[in-house]
Amino acid sequence: MTNNVFQHGSTAGMRIHVLPTKAFKTFAISLYAGVPLEEGTVTSTALVPFVLRRGTAAYPETTQFRERLEELYGAGFGFDVYKRGDYQIVQFRMDTINDSFVQSKESLLGESFAFLGEVLTRPALENGSFRSSYVATERETVRKKLEAIVNDKIRYAAERCIEVMCEDEPFRLHPLGQRSDLDGITPDNLYKSYQDWLNGAILDLYVVGDTTPEEVEQLVKRHFGRNSSETGQYSSRFTPVTVSGVRTVEEKLDVNQGKLNMGLRTSITYKDDNYASALMYNGILGGYPHSKLFVNVREKESLAYYASSRYDGHKGIGTIQSGIESQNYGKAVDIIRKQLDELKAGNISDLELSQTKAMIRNLLSEIQDSAFELISFDFNRQLSGKERTALELLDQVEGTGAEDVKAAAETFHLDTIYFLTGQKEE
Amino acid sequence: MEQIHYDRLQETLYHEVMDNGLQVYVLPKPGFLKTYATFATKYGSVDNHFHVEGAEETTVPDGIAHFLEHKMFEEPEGDIFATFASNGASANAFTSFDQTVYLFSATENIETNLSTLVDFVQHPYFTDENVEKEKGIIGQEINMYADNPDWRVYFGLIEAMYSKHPVHIDIAGTIESIATITKETLYTCYNSFYHPSNMLLFVVGGVEPEKVFALIRSNQNSKSYGKQGEIKRIFEAEPEAVAKKRLESRLAVSMPKCLFGFKEKASGLTGEAAGRRDLTTKLMLDLLLGSSTALYQKLYDEELISDSFGHEFNSSPQYAFSAIGGDTKDPDLLLKRIREEIDLVLKSGFAEKDFERARKKKIGGYLRMLNSPENIAHEFTRYQFGGGDLFEVLPVYESLTLAETNQRLRDHVDWEQLAVSLVVSP
Chain A
1 MTNNVFQHGS
11 TAGMRIHVLP
21 TKAFKTFAIS
31 LYAGVPLEEG
41 TVTSTALVPF
51 VLRRGTAAYP
61 ETTQFRERLE
71 ELYGAGFGFD
81 VYKRGDYQIV
91 QFRMDTINDS
101 FVQSKESLLG
111 ESFAFLGEVL
121 TRPALENGSF
131 RSSYVATERE
141 TVRKKLEAIV
151 NDKIRYAAER
161 CIEVMCEDEP
171 FRLHPLGQRS
181 DLDGITPDNL
191 YKSYQDWLNG
201 AILDLYVVGD
211 TTPEEVEQLV
221 KRHFGRNSSE
231 TGQYSSRFTP
241 VTVSGVRTVE
251 EKLDVNQGKL
261 NMGLRTSITY
271 KDDNYASALM
281 YNGILGGYPH
291 SKLFVNVREK
301 ESLAYYASSR
311 YDGHKGIGTI
321 QSGIESQNYG
331 KAVDIIRKQL
341 DELKAGNISD
351 LELSQTKAMI
361 RNLLSEIQDS
371 AFELISFDFN
381 RQLSGKERTA
391 LELLDQVEGT
401 GAEDVKAAAE
411 TFHLDTIYFL
421 TGQKEE
Chain B
1 MEQIHYDRLQ
11 ETLYHEVMDN
21 GLQVYVLPKP
31 GFLKTYATFA
41 TKYGSVDNHF
51 HVEGAEETTV
61 PDGIAHFLEH
71 KMFEEPEGDI
81 FATFASNGAS
91 ANAFTSFDQT
101 VYLFSATENI
111 ETNLSTLVDF
121 VQHPYFTDEN
131 VEKEKGIIGQ
141 EINMYADNPD
151 WRVYFGLIEA
161 MYSKHPVHID
171 IAGTIESIAT
181 ITKETLYTCY
191 NSFYHPSNML
201 LFVVGGVEPE
211 KVFALIRSNQ
221 NSKSYGKQGE
231 IKRIFEAEPE
241 AVAKKRLESR
251 LAVSMPKCLF
261 GFKEKASGLT
271 GEAAGRRDLT
281 TKLMLDLLLG
291 SSTALYQKLY
301 DEELISDSFG
311 HEFNSSPQYA
321 FSAIGGDTKD
331 PDLLLKRIRE
341 EIDLVLKSGF
351 AEKDFERARK
361 KKIGGYLRML
371 NSPENIAHEF
381 TRYQFGGGDL
391 FEVLPVYESL
401 TLAETNQRLR
411 DHVDWEQLAV
421 SLVVSP
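Residue numbers (UniProt numbering), protein chains in the order written: chain A, 1 to 426; chain B, 1 to 426.
Hint data in this document are derived by calculation from the structure and do not stem from the laboratory.
Positions of the beta carbon are idealized from the N, C-alpha and C atoms, including for glycine.
Check each hint, because a few of them may be wrong.
[What the hints assert, rightly or not] A short, non-exhaustive set of chain A residues, derived as facing chain B with CB atoms under 7 Å:
1. His290
2. Arg361
3. Gln368
[Unchecked claim] Result set (BS3-like, lysine-lysine): computed pairs, CA atoms no more than 25 Å apart in a straight line:
4. A:Lys331 - B:Lys329
5. A:Lys22 - B:Lys183
6. B:Lys223 - B:Lys353
7. B:Lys353 - B:Lys298
8. B:Lys347 - B:Lys298
9. A:Lys105 - B:Lys360
10. A:Lys271 - A:Lys300
11. A:Lys105 - A:Lys83
12. A:Lys83 - A:Lys145
13. B:Lys183 - A:Lys300
14. B:Lys244 - B:Lys298
15. A:Lys22 - B:Lys29
16. A:Lys386 - A:Lys83
17. A:Lys271 - A:Lys192
18. B:Lys360 - B:Lys298
19. B:Lys298 - A:Lys144
20. B:Lys183 - B:Lys245
21. B:Lys42 - B:Lys223
22. B:Lys135 - B:Lys265
23. B:Lys164 - B:Lys265
24. A:Lys105 - B:Lys353
25. A:Lys145 - B:Lys298
26. B:Lys336 - A:Lys144
27. A:Lys83 - A:Lys144
28. A:Lys145 - B:Lys329
29. A:Lys300 - B:Lys133
30. A:Lys300 - A:Lys338
31. A:Lys144 - A:Lys105
32. B:Lys353 - A:Lys338
33. A:Lys300 - B:Lys135
34. B:Lys329 - A:Lys144
35. B:Lys282 - B:Lys183
36. B:Lys135 - A:Lys331
[As the list claims (entries may be wrong)] Some chain A residues well away from chain B (every beta-carbon gap over 12 Å; in silico):
37. Arg53
38. Gly76
39. Phe92
40. Ser100
If we strip away everything but chain A, and leave its shape as in the complex, we get:
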């Protein structure tokens, strides 16, 4: 595996990370803005990028804004709002064609920076505040998105499980905020929130493509006039939660298939030296089609089509998800818990270890072929403060033995079992 390394610097109050490469046909740009995930600001922070994507000072009408992107050869522009640990992250992405493939008169990288800088720092305004019509419609858009969570039953069950499990922590909050906050948001108070957010957020700007750190620095200076000269720093807000007994919650909804979700707590997070052991634990438990959950719940018992696990290293949480017939609930829970016990007892075969290592090795290598994956991986370092290249992580994974996985398993405690089941009586 080669080691693609970002060159790190900072200017105009933001950290800049550049990976010069000719491997792609595009320039990939990501801007991360992180703030603590808090009840008081979660909704306004989530709403800001929705309003920013409606128009800028130079392209105040939304159709102008979008036509501009199309002129840049359909530059990909988008944003996401999500949580990482106890931070709320707004990520803007642009993906622009390298000029050499098209007959463009403008520098598409320069124009993309101009555009993104404009989006972030010079929104369309009226009377010194956000346009009221944009705030009103985007408020409804966010409301609809929050209401629509229930449409995807698999995702809904997963989110309900986290809500129940983390009811006393900020992590219970949905990254798009709370419906009840929306009515209180006005153009004026949202504009004020936007300014506070922009001044307070930790900003990381990434570029992958045929460019140099010097060129990027110049573009940032020209297009992102940010007042602050201080670059912020993510700090670990992680406090391990002690599990005292398993909580079981069952809810009813009109579903054809029961959705079974489980939440586990671990003290191991991304910055820890035994992070690799936790990754291996998750891989052997349910990360892949050779994992214990897939083999035992699906292949051996035909109980489910999907049965898998995930590990969130920024929050120290493991999750398990499966879709089953409601009448098989007891059986499925028993089989899943048995797999957790097997791992705790250290019943891990050499084959499971070697297969899981091979899959993680593949995953870490594949990152190198995708600009946005490279960016996401490096951003983990900014978030956790832990410097660890993909190669170093891979070395640690390779060095993990059954005892290490067993030791990791002992830190994973089942906290919550959530079951979403049909309304009909069984």
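Got chain A; can you put chain B on it based on the hints?
Just chain B now, with coordinates in the frame of chain A:
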């Protein structure tokens, strides 16, 4: 080995037909660590009634192509996922209307993984017992889709449009239809559609073409295949009119889902002509309904559509239809307003500058797609099976005209041919 260089795309494609008729294509991506390979048969859910020269005419149960895809992963020595995992490959498969695709991605042991892919797909192993076991798993997959409103509204639309053509049958079939599947029917389908001459292997990534061809050549020469008779797919005549103007299904949703589209009559178009018609139609739909259009913005501001609003066009020689829509609070009002707005565009036609901008966007989107080995492999195979060439799309985009696009708009939008599918809460 034939070598095709696409200068403007800076790509070189290698091609060879094996003695048994298997088409093999290799696209090296220098600098990429990952290799992505797809092994596809031109056989999907619509091929449920067929006649292979020298065999009986056959009608098979709904969902059998997809069932067969599941069952291919089982070998006498166990699940093939485990073999891939041991070699660090992430494997999968999917079934669509007209193809079944087996795939893996890996960064190491490429030759071993390629052999595994080709060998398992060329080695069916069905027993009464393993066929029965799979019915439980696929039953849960069917139930999972039954809970998915996006899937329901999409298939509802096709069901509303088509009464005879099997495109309206759910790809996975129903619990009842898969109950009738036996190992004998699976072998019949396998023997009809998995002959190498009906298949295509595509390998993209950090590979040396000569090595891939040498490997596949010797692999194929070691297996004996008889000559395959011509496959005749039999489709009952489909009426020109839509089957139902409107179809409603019930599922708990936050807001109704509304999808509508126009059913075209069977064109019989194949190859370049079909490819050009598809690209023109997609460009036309984007000009008409894309997020930068005045129509989109009006309906968004009227809160009749949301970010979920989109459009697509699907075609084969026997069917062609658009699917347009998303979440809306008032389906009837949306349909009324859409009709008013589209009728205005029908009168005026598209403007030259909008056409040029939309074309630029499409070209940019196409080039961006070429960053992704997955997309290249899937799109290339789809084009080949349809008689076209993915790498010749750029000149087609450049040769499209405004007049042609306006004509396509008038041909496609025929209100008599409109069908509507809704998912609403019970």
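Taking the hints in turn, this is what the structure says about them:
1. His290: 4 Å, holds
2. Arg361: Hint holds; Arg361 (chain A) Cβ to chain B Cβ min 6 Å, cut 7 Å.
3. Gln368: 5 Å, holds
4. A:Lys331 - B:Lys329: 41 Å, violated
5. A:Lys22 - B:Lys183: 51 Å, violated
6. B:Lys223 - B:Lys353: Violated. Lys223 (chain B) to Lys353 (chain B) sits at ~57 Å, over the 25 Å cutoff.
7. B:Lys353 - B:Lys298: It holds: about 20 Å lies between the C-alpha atoms, which stays within 25 Å.
8. B:Lys347 - B:Lys298: This hinted pair holds, its Cα atoms lying about 18 Å apart.
9. A:Lys105 - B:Lys360: 13 Å, holds
10. A:Lys271 - A:Lys300: The hint is violated at about 37 Å.
11. A:Lys105 - A:Lys83: Violated, at roughly 39 Å.
12. A:Lys83 - A:Lys145: 16 Å, holds
13. B:Lys183 - A:Lys300: 19 Å, holds
14. B:Lys244 - B:Lys298: Roughly 29 Å separates the two Cα atoms, so the pair is violated.
15. A:Lys22 - B:Lys29: Holds: Lys22 (chain A) and Lys29 (chain B) sit about 12 Å apart, inside 25 Å.
16. A:Lys386 - A:Lys83: Between Lys386 (chain A) and Lys83 (chain A) the Cα gap is close to 18 Å, so the pair holds against 25 Å.
17. A:Lys271 - A:Lys192: Status violated; Cα separation ~35 Å.
18. B:Lys360 - B:Lys298: 23 Å, holds
19. B:Lys298 - A:Lys144: Between Lys298 (chain B) and Lys144 (chain A) the Cα gap is close to 18 Å, so the pair holds against 25 Å.
20. B:Lys183 - B:Lys245: Violated. Lys183 (chain B) to Lys245 (chain B) sits at ~39 Å, over the 25 Å cutoff.
21. B:Lys42 - B:Lys223: 20 Å, holds
22. B:Lys135 - B:Lys265: 36 Å, violated
23. B:Lys164 - B:Lys265: With Cα atoms ~13 Å apart, Lys164 (chain B) and Lys265 (chain B) stay inside 25 Å; holds.
24. A:Lys105 - B:Lys353: Holds, at roughly 17 Å.
25. A:Lys145 - B:Lys298: 20 Å, holds
26. B:Lys336 - A:Lys144: Answer holds: Lys336 (chain B) to Lys144 (chain A) is near 22 Å, not above 25 Å.
27. A:Lys83 - A:Lys144: Distance ~20 Å between Lys83 (chain A) and Lys144 (chain A) Cα, so the pair holds.
28. A:Lys145 - B:Lys329: OK: Lys145 (chain A) and Lys329 (chain B) at ~13 Å, within 25 Å.
29. A:Lys300 - B:Lys133: 9 Å, holds
30. A:Lys300 - A:Lys338: 14 Å, holds
31. A:Lys144 - A:Lys105: 41 Å, violated
32. B:Lys353 - A:Lys338: Violated, because 64 Å separates the two Cα atoms, which is more than 25 Å.
33. A:Lys300 - B:Lys135: 13 Å, holds
34. B:Lys329 - A:Lys144: 10 Å, holds
35. B:Lys282 - B:Lys183: 41 Å, violated
36. B:Lys135 - A:Lys331: Between Lys135 (chain B) and Lys331 (chain A) the Cα gap is close to 18 Å, so the pair holds against 25 Å.
37. Arg53: 10 Å, violated
38. Gly76: 6 Å, violated
39. Phe92: 16 Å, holds
40. Ser100: 9 Å, violated
Checked against the numbered hints above, the structure violates hints 4, 5, 6, 10, 11, 14, 17, 20, 22, 31, 32, 35, 37, 38 and 40; every other hint is satisfied.
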